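**Q** Residue-level listing of the chains:
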Amino acid sequence: MSAVFTMGIDVGSTASKCIIMKDGQEIVSKALISSGAGTSGPDRAIRDVLEGSGFQREDMGYILATGYGRHSIDWVDAEMSELSCHAQGAFHLFPEVHTVIDIGGQDAKVLRVGKGGMMESFVMNDKCAAGTGRFLEVMARILEVDIGQLAELSEKSTQKVDISSTCTVFAESEVISQLSQNTDICDIINGIHRSVAGRVSGLARRVGVTPMVVMTGGVAQNSGVRHALEDELQVDIHTSELAQYAGALGAALFAFRKAKKRNG
Amino acid sequence: MSEVNSGKKAREMLQDVVAQVYQNAWDAKERGEPVGWSSSKFPAEIAETLGLAVCYPENQAAAISAKKGGQRLCEEAESMGFANDICGYARISLAYAAGVEAEEKPMPQPDFLLCCNNICNCMTKWYENIARMHNIPLIMMDVPYNNEVDVSEDTVKYMRAQFYDAVAQLEKISGRKWDEKRFEEVSKNANRTAQAWLKACSYCQYEPSPLSGFDLFNHMADVVTARCKPETAEAFEALAAEYEESVKNGTSTWKYEENYRIMFEGIPCWPVLRTLFTPLKDKGINTVAVVYAPAFGFVYNGVDELMKAYCKAPNSVCIETGVDWREGICRENKVDGVLVHYNRSCKPWSGYMPEMERRFRKDLGVPVVGFDGDQADPRNFSEAQYVTRVEGLYELMEANKGKRG
Numbered sequence: 001m002s003a004v005f006t007m008g009i010d011v012g013s014t015a016s017k018c019i020i021m022k023d024g025q026e027i028v029s030k031a032l033i034s035s036g037a038g039t040s041g042p043d044r045a046i047r048d049v050l051e052g053s054g055f056q057r058e059d060m061g062y063i064l065a066t067g068y069g070r071h072s073i074d075w076v077d078a079e080m081s082e083l084s085c086h087a088q089g090a091f092h093l094f095p096e097v098h099t100v101i102d103i104g105g106q107d108a109k110v111l112r113v114g115k116g117g118m119m120e121s122f123v124m125n126d127k128c129a130a131g132t133g134r135f136l137e138v139m140a141r142i143l144e145v146d147i148g149q150l151a152e153l154s155e156k157s158t159q160k161v162d163i164s165s166t167c168t169v170f171a172e173s174e175v176i177s178q179l180s181q182n183t184d185i186c187d188i189i190n191g192i193h194r195s196v197a198g199r200v201s202g203l204a205r206r207v208g209v210t211p212m213v214v215m216t217g218g219v220a221q222n223s224g225v226r227h228a229l230e231d232e233l234q235v236d237i238h239t240s241e242l243a244q245y246a247g248a249l250g251a252a253l254f255a256f257r258k259a260k261k262r263n264g
Numbered sequence: 265m266s267e268v269n270s271g272k273k274a275r276e277m278l279q280d281v282v283a284q285v286y287q288n289a290w291d292a293k294e295r296g297e298p299v300g301w302s303s304s305k306f307p308a309e310i311a312e313t314l315g316l317a318v319c320y321p322e323n324q325a326a327a328i329s330a331k332k333g334g335q336r337l338c339e340e341a342e343s344m345g346f347a348n349d350i351c352g353y354a355r356i357s358l359a360y361a362a363g364v365e366a367e368e369k370p371m372p373q374p375d376f377l378l379c380c381n382n383i384c385n386c387m388t389k390w391y392e393n394i395a396r397m398h399n400i401p402l403i404m405m406d407v408p409y410n411n412e413v414d415v416s417e418d419t420v421k422y423m424r425a426q427f428y429d430a431v432a433q434l435e436k437i438s439g440r441k442w443d444e445k446r447f448e449e450v451s452k453n454a455n456r457t458a459q460a461w462l463k464a465c466s467y468c469q470y471e472p473s474p475l476s477g478f479d480l481f482n483h484m485a486d487v488v489t490a491r492c493k494p495e496t497a498e499a500f501e502a503l504a505a506e507y508e509e510s511v512k513n514g515t516s517t518w519k520y521e522e523n524y525r526i527m528f529e530g531i532p533c534w535p536v537l538r539t540l541f542t543p544l545k546d547k548g549i550n551t552v553a554v555v556y557a558p559a560f561g562f563v564y565n566g567v568d569e570l571m572k573a574y575c576k577a578p579n580s581v582c583i584e585t586g587v588d589w590r591e592g593i594c595r596e597n598k599v600d601g602v603l604v605h606y607n608r609s610c611k612p613w614s615g616y617m618p619e620m621e622r623r624f625r626k627d628l629g630v631p632v633v634g635f636d637g638d639q640a641d642p643r644n645f646s647e648a649q650y651v652t653r654v655e656g657l658y659e660l661m662e663a664n665k666g667k668r669g
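So the protein sequences, as listed, match chains F and U. Residues in the first sequence are numbered from 1 upward in steps of one, following our numbering. Residues in the second sequence are numbered from 265 upward in steps of one, following our numbering.
Derived from the structure by calculation, the hints contain no laboratory data. Owing to the predicted nature of the structure, the values given are computational and were not obtained by experimental measurement. Check the hints yourself; a few may be wrong.
[Stated by the list, open to error] Partner residues are not named here, just some residues of chain U that face chain F (Cβ under 8 Å, in silico):
#1 296
#2 298
#3 636
#4 649
#5 655
#6 660
The beta-carbon is built from N, C-alpha and C at its ideal position, and this holds for glycine as well.
Construct the complete structure from the given sequences, taking the supplied hints into account.
**A** In structure tokens:
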């Protein structure tokens, strides 16, 4: 029986991720473009993932889109919410997972995961950017540091600085005020991470935090936020180099199931 | 499924009833008679018995919001100094009372106010402000805090005294005498309307349902503004008869697949009603339960039972009664999930929902998903967030169905 290749596309608000899998097990190719919905990002990610695999779109047994911009691609076989896809992707990476914390560009969600990686319940952030990747981007810009440096700098923090977790705009003013008082930038960044953690842990407690806890989404790469969440929730939080691909991975896995169902 | 054409007749009758309520108010104003503004669950029997014309700010605010005027009036109220996190209906009403025009749903300015805090506590301050603006009497009925299923005799006594005090004040305002016989007749009409409303709502029990539950949101206007009128009872009886016919014919006002059935919890986001509806119809999710059915479908015998009934509004009953109302209709109407509107305008409603959510999951074993929104202010709603949550609910219901095989 010939292998089935499936593609998962995760069109986020700030990044586009694509994964091609073989038989729902092996990742054949992956691509990530740091531009999301409404940009050329999704097309470029799809082009890159196909180039990386040597396949054409027609070679795919099933293509499934997820993420904030999932509705913008009209030629896919199916769409699913990023909620189920992150649950499934996290389960593939960590089969013992029961709780997923996904912090993306403009939303944060916490999922309770059951048998087979199926989502059992979820909560998401309200209409506010606090506690999301966008919040960190805004803060990095004010601090004139690269977003990739935030984790490393926060590790050097020695003093506790409180930054509001209720509003990005007010938090921005607080950071400016701290800078004008010559507060150590590392302490400010640490405060920003704890601010995000405070907001997201509130969501997590609403769903219930059952180990193993896995963090997915772009912000998972920031160990400062992850450690702040561990402190806040008093639980180990696991992540993977593929954390940002979890949605696309889940989409490719669901695509494989659907392909099998379609092919009988 | 084919569309129900016969449904149009009852819908038109119901629309006419509400239109007549507002026309009566304009006519009364023109004749120089006093016109009242009333909260939605103030005993309507009093004004009806005395023949006083009354308008309903909550109904007006919903209509203005549905016609996209909500944000404009909310912003007008904010420029008057009212905070943007108080109730959207209150902001719209305060702006209108202050003279901001609303072509979307005009109504005459008030000469007296009828306020009952059973529907919410913000109502008291909202109406006090209007009373000061217009320097007019505010007739208040205070429903005591209730953390028990039954309404105590002390509460009934307290409510009854307020009821007759309101009667006395309104006799003075109207220059008319209270007529017990007329009151009995009005009560009979109200009971007939309640029974017909409950009967119409009960057709949601059929699978597939002969109606889209969103229809009930629109018909609420009649229950709120015209419960005591015989034509309202007749219109709801006609609606129930049409649903009966639809069941026989296998037709429905819901023109899509009925893959799943849900309870929609809370007041809808009127400014974005279509946006609320679209992902539901796309996924074949019909709303077959709304709490307004039991909350406004009350039948009583005499003043004491009437007082007990007015103690029971969604935001004034204890959590056990609130859970019973909802779980009752969820079971009867066989829902697969619950979609909860965390309404930025309604703090009490949003305040008790986390515990109710927990109860629904535990007692009903169905997924419950919440979204943030607002009944009147579109600035508090995000379409993308809403769509993702509805899809999440759909995927949870799919998974549940998969488990059941």
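**Q** Each hint: holds or not?
**A** The hints, checked one at a time:
| no. | hint | verdict |
| --- | --- | --- |
| 1 | 296 | violated (48 Å) |
| 2 | 298 | violated (42 Å) |
| 3 | 636 | holds (5 Å) |
| 4 | 649 | holds (7 Å) |
| 5 | 655 | holds (4 Å) |
| 6 | 660 | holds (7 Å) |
Comparing the model with each earlier hint shows violations of hints 1, 2; every other hint is respected.
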